[in-house]
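Whenever a hint applies, use it, and build me the whole structure from the sequences.
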Amino acid sequence: MLGNYFYHEIIRKTIIGFGTLFNGISIKHKDEQGQVISDQKVALAYGPAQKFLARIDQQANLNKAVQITLPRMSFEMTSLEYDSSRKAGVTQTFKSVSNSQMKKVYMPVPYNIGFQLNIFCKLNDDALQIIEQILPYFQPSFNITINLIDSIGEKRDVPIILNNISMQDDYEGDFSSRRALIYTLNFTAKTYLFGGIADSPEGLIKKVTVDTYSSTNTKTAKRQMRYVVTPKAKKDYNDDQTGDLTLTINDTETLIPVVDSSNFEVGNRIIIDNEIMYVESIPTSTQLYVERGYDSTVKATHLKNAVINLLTAADDALIEPDDDFGFNESFTYLGDSKAYSPTRQIDI
Amino acid sequence: MALNPFFLQGSRSEQNLVQDLINEQLKIYGVEVTYIPRKMVRRQTILEEVQSSKFDDNFLLEAYLNNFDGYGGAGDIMTKFGVSVRDEVSLTISKERFEDFISPFLEDENDLEVELASRPREGDLVYFPLGQRLFEVKFVEHENPFYQLGKNYVYEIQCELFEYEDEVIDTSIDEIDKTVEDMGNIIKLQLFSTGTNASVTAHVGSGYVRQLFLNNDGSGYTSAPTITFSSPTGPDGTVVATGTTATAVAITTTRGGITSVEKVLLTNAGAGYTGSAPTITFTGGGGAGAAATCGINTDRRGVVRFSVSNGGVGYSTVPSIAIAAAPLTPTLRASGEAVVSAAGTISAVRIIDAGAGYQASAPTVTVGTAATVGVGTFWFNELVTGEESNTTARVRRWDTDTNILEVGIVTGRFFSGEQITGSKSTAAYDIQYVGGATTTLTDKYQQNDEIEDESDLILDFSESNPFGSY
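Chains as they are written, first to last, in our numbering: chain A, 1 to 348; chain P, 349 to 818.
Treat the hints with care, since some could be wrong.
Stated by the list, open to error - Pairs of lysine to any residue, SDA-like flavour, derived with a Cα cap of 20 Å:
#	chain 1	residue 1	chain 2	residue 2
1	A	K206	A	A314
2	P	K428	A	S177
3	A	K155	A	M102
4	A	K30	P	N458
5	A	K234	A	T297
6	A	K51	P	G423
7	P	K526	A	N61
8	A	K41	P	S737
9	A	K30	P	M388
10	A	K28	P	G760
11	A	K41	P	N738
12	A	K41	P	E800
13	A	K104	A	K155
14	P	K526	A	N63
Claimed, not checked - So the derived label-pair ranges between C-beta atoms look like this:
#	chain 1	residue 1	chain 2	residue 2	range
15	P	V666	A	Y5	55 to 61 Å
16	A	T93	P	T615	51 to 57 Å
17	P	I752	A	D240	18 to 24 Å
18	P	A636	A	Q133	37 to 43 Å
19	P	V666	A	R178	52 to 58 Å
20	A	Q133	P	I752	28 to 34 Å
21	A	Q133	P	G643	53 to 59 Å
22	P	I606	A	S79	48 to 54 Å
23	A	N328	P	G783	52 to 58 Å
24	P	H490	A	E9	58 to 64 Å
Hints in this document: simulated from the structure, not taken from any laboratory.
In this text the structure is predicted, and so the values were computed from the model without any measurement.
Glycine is no exception: its CB is placed at the ideal position from the N, C-alpha and C atoms.
Right, here's the structure in full:
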């Protein structure tokens with residue numbers, strides 16, 4: 001039943017997001033005169049590691065001359081817990097578009113990931129320098145925006161909450177054991193886990209038809225009017241290059257010179273550079289009367305030889321998701337008793 | 349009478365005999381270790397910690413190794429902080445030898461640095477040459493064996509491997525100092541090799557734009573706007589078809605959060621401008637308001653462009669551009685400004701003033717010398733200082749082939765372009781850039797850079813977050 005393979009690396013990304021909060025912390029040491037004599041970045045790593053790899057990396061030549069270098073910080077994931085307070089409807093979905101393909105995504109499942117940050121220092125003063133650089137950012141949470149799933153561009157704010165701080169300072173006892181100074185900070189990252197993402201069979205809606213009736217009882221009432229809306233291109237897609245400007249025009253001229261006006265018809269929408277114009281009449285074989293700045297575009301100066309493209313249904317068909325587009329509207333008066341069948345796509 | 353009256357139970361001569369015998373035994377059966385006293389650079393009160401220390405002395409001493417079947421301690425263990433080596437040793441040293449041969453030297457030291465000279469101290473280091481390891485004295489036992497003939501003759505010092513942070517270890521014995529060569533926070537500096545000077549050629553022409561005047565620097569720019577000149581026109585106002593339209597670049601600056609055009613420089617002064625001065629338009633860049641005019645020269649020759657035939661090596665600052673004087677009237681000398689690429693070469697030279705009065709042959713152009721001196725060899729463990737940042741560090745490794753200098757115990761941040769000088773070797777090089785493939789490394793434990801790189805791919809910094817700064 002389960003077993004549809006998917007892996008979004010969300011937990012790994014949350015681990016990286018958490019780790020990156022602490023990778024720029026440094027500490028300073030001063031001499032008696034107050035001059036800085038050392039400014040070092042605190043080493044940070046994800047604690048759990050493959051043992052053989054840790055040994056061959058960190059103890060390549062076996063004869064390690066010192067016990068360890070300090071200060072160090074390590075962090076690790078300690079728990080995964082369902083967060084019912086952020087639960088969303090289980091059947092709720094949202095659509096996302098990627099590469100012209102509709103994706104159907106179920107609402108993610110909220111999970112709290114527990115993290116532990118450990119700080120190991122030689123000196124208490126070092127630990128305090130590190131702690132003071134961390135704590136003020138958490139009140140008690142700090143948000144990072146993580147791109148959880150690249151394929152659907154899903155960015156989520158993940159609050160990271162500082163839950164508690166504990167410290168260990170073994171300074172008592174005999175001299176056979178060394179003092180160990182370890183601060184432990186526990187955090188919760190409120191992330192979201194997504195299930196599999198399916199390609200939606202529905203595709204993009206490119207046409208909407210609405211029939212209106214004269215009464216709420218659609219069985220007896222007659223249909224009055226049909227309203228159909230389809231997307232209308234606001235830029236040229238098919239690069240038809242129907243004509244060229246033979247002279248430069250300014251942003252107010254409505255009589256525009258073209259090579260051959262027979263390629264155009266009254267009612268055409270044409271686009272020059274980014275300005276759309278509406279052909280109102282064709283007075284001569286080399287001129288067009290147009291309405292400038294059509295479809296809310298900006299009137300502009302166009303240079304000689306600028307390409308004139310026609311905006312037609314061919315362009316409308318090529319509109320991509322996320323493009324800026326307008327609407328073609330049509331109204332039909334029906335006055336009949338038929339109903340539209342969406343499956344057969346005819347009136348019956 | 350409890351004690352045997354025929355023995356003295358600890359006369360000075362008996363005690364001396366025992367001490368001599370012990371010294372002799374230690375010299376025969378012992379190991380030659382190096383005793384390195386800790387010198388305190390800063391002791392913090394209240395928290396009672398020695399914040400910084402240095403180890404710059406060494407004393408050879410014989411010591412008997414009490415561990416006959418390997419190190420004590422927990423050995424090599426994997427912790428959440430990486431691999432930790434918990435080896436321990438116990439050494440016996442002669443009390444008399446320490447007091448005679450180490451204490452007098454320690455007493456001469458600065459009292460602030462060395463607090464106690466009479467005995468081996470916890471916190472000092474012992475270099476164990478067999479394992480090539482640095483041990484830190486954890487505890488000094490002075491009563492074992494317990495008052496033989498009324499006196500103690502040896503110290504038993506219990507040691508654990510040193511925890512290294514940023515202590516200066518400069519004992520002048522390379523074998524010891526190099527044990528921490530790869531330890532701690534190490535920064536890579538890519539230095540320039542010895543610089544070579546660039547060579548630039550000037551090209552002369554007539555009917556050119558001589559100089560640009562920025563009349564309004566505009567505001568609100570997010571990038572440098574594009575500058576466009578109108579086409580060259582003749583005295584009658586017609587476009588000169590054989591002319592060349594001048595080109596220029598705008599250089600922006602940001603002050604008080606507002607970016608505006610700081611200056612405009614010609615990249616090509618054009619040709620055929622024999623009528624009126626061209627108009628100059630600024631487009632793009634996200635801002636508005638910038639305006640400039642220019643002066644043209646219609647009847648003399650000036651420098652119309654520069655070509656870089658050899659970009660040179662090792663330019664860390666913008667060098668001067670000296671152009672030979674114009675021999676003919678009105679003898680206006682041209683001037684230019686070099687553009688230094690990130691790689692330290694001269695990528696282009698732009699015209700500030702095209703001058704006037706040059707002959708048909710191009711004037712010579714002299715580019716300032718490559719700033720890099722790049723001499724000498726850095727010595728291990730010497731202090732290096734950045735000339736501008738005044739940051740100091742200690743040399744860990746110097747690769748003469750790649751010019752990569754690895755330094756540790758850094759006191760601040762080095763800048764690209766500044767000169768770095770060795771205190772003992774007097775080697776001096778300019779820094780090309782700080783970092784590189786990996787900026788820092790600590791025993792291959794730290795993943796700061798990897799985490800940073802990975803997070804750049806998934807974290808979104810573009811949207812401002814009202815609840816946090818990321």
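Structure-inconsistent hints, enumerated in ascending order:
Those not satisfied come down to hint 17.
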